[in-house]
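*Asks:* Could you put the whole structure together from the sequences, leaning on the hints where they help?
Counting in the working numbering, the sequence shown runs from 18 upward without gaps.
You may find that some hints are simply not true.
What the hints assert, rightly or not - So the derived label-pair ranges between C-beta atoms look like this:
id, residue 1, residue 2, range
1, R31, D67, 36 to 42 angstroms
2, R41, R99, 15 to 21 angstroms
3, S72, G102, 29 to 35 angstroms
4, R31, A71, 28 to 34 angstroms
5, R99, F76, 17 to 23 angstroms
6, G102, F76, 20 to 26 angstroms
7, N32, D67, 31 to 37 angstroms
8, H66, P33, 26 to 32 angstroms
9, R100, D67, 32 to 38 angstroms
10, K79, R103, 34 to 40 angstroms
11, P53, L95, 18 to 24 angstroms
12, R96, H66, 28 to 34 angstroms
13, P81, Q57, 20 to 26 angstroms
No wet-lab data here; the hints were simulated from the structure. This one's a predicted model, so the numbers in the text were calculated from it and none came from an experiment. For each residue, glycine too, the CB sits at the ideal point set by N, CA and C.
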Amino acid sequence: MNDSLPPSPPAQPRNPLHGLTLERILTELVAHFGWPELGQRVPVRCFTHDPSIASSLRFLRKTPWAREKVEGLYLFMLREQRRAGRA
18 MNDSLPPSPP AQPRNPLHGL TLERILTELV AHFGWPELGQ RVPVRCFTHD PSIASSLRFL
78 RKTPWAREKV EGLYLFMLRE QRRAGRA
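*Replies:* Structure representation (structure tokens):
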């Protein structure tokens, strides 16, 4: 009988998404861009028609391609914020 714990996932010190929830990512994107621009950048119905965090989270959790676009936009936003901070 093996009583050892399962191996812990490897640390991801270089991954800016590590430890962030999808809800936090979405909330920060909405605060930065607003729903209208978010709907233009990632054209999905949950961002353009009666948007809410809850409905968007439900959709993004079921739709991997849309989640990837949202995560990519979040990384783009972080890069832009870093560049603006250096200027």
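*Asks:* Evaluate each hint against the coordinates.
*Replies:* Verification of the hints:
{"no.": "1", "hint": "R31 x D67: 36 to 42 angstroms", "result": "holds, 38 angstroms"}
{"no.": "2", "hint": "R41 x R99: 15 to 21 angstroms", "result": "holds, 18 angstroms"}
{"no.": "3", "hint": "S72 x G102: 29 to 35 angstroms", "result": "holds, 33 angstroms"}
{"no.": "4", "hint": "R31 x A71: 28 to 34 angstroms", "result": "holds, 31 angstroms"}
{"no.": "5", "hint": "R99 x F76: 17 to 23 angstroms", "result": "violated, 29 angstroms"}
{"no.": "6", "hint": "G102 x F76: 20 to 26 angstroms", "result": "violated, 32 angstroms"}
{"no.": "7", "hint": "N32 x D67: 31 to 37 angstroms", "result": "holds, 33 angstroms"}
{"no.": "8", "hint": "H66 x P33: 26 to 32 angstroms", "result": "holds, 30 angstroms"}
{"no.": "9", "hint": "R100 x D67: 32 to 38 angstroms", "result": "holds, 34 angstroms"}
{"no.": "10", "hint": "K79 x R103: 34 to 40 angstroms", "result": "holds, 38 angstroms"}
{"no.": "11", "hint": "P53 x L95: 18 to 24 angstroms", "result": "holds, 21 angstroms"}
{"no.": "12", "hint": "R96 x H66: 28 to 34 angstroms", "result": "holds, 29 angstroms"}
{"no.": "13", "hint": "P81 x Q57: 20 to 26 angstroms", "result": "holds, 21 angstroms"}
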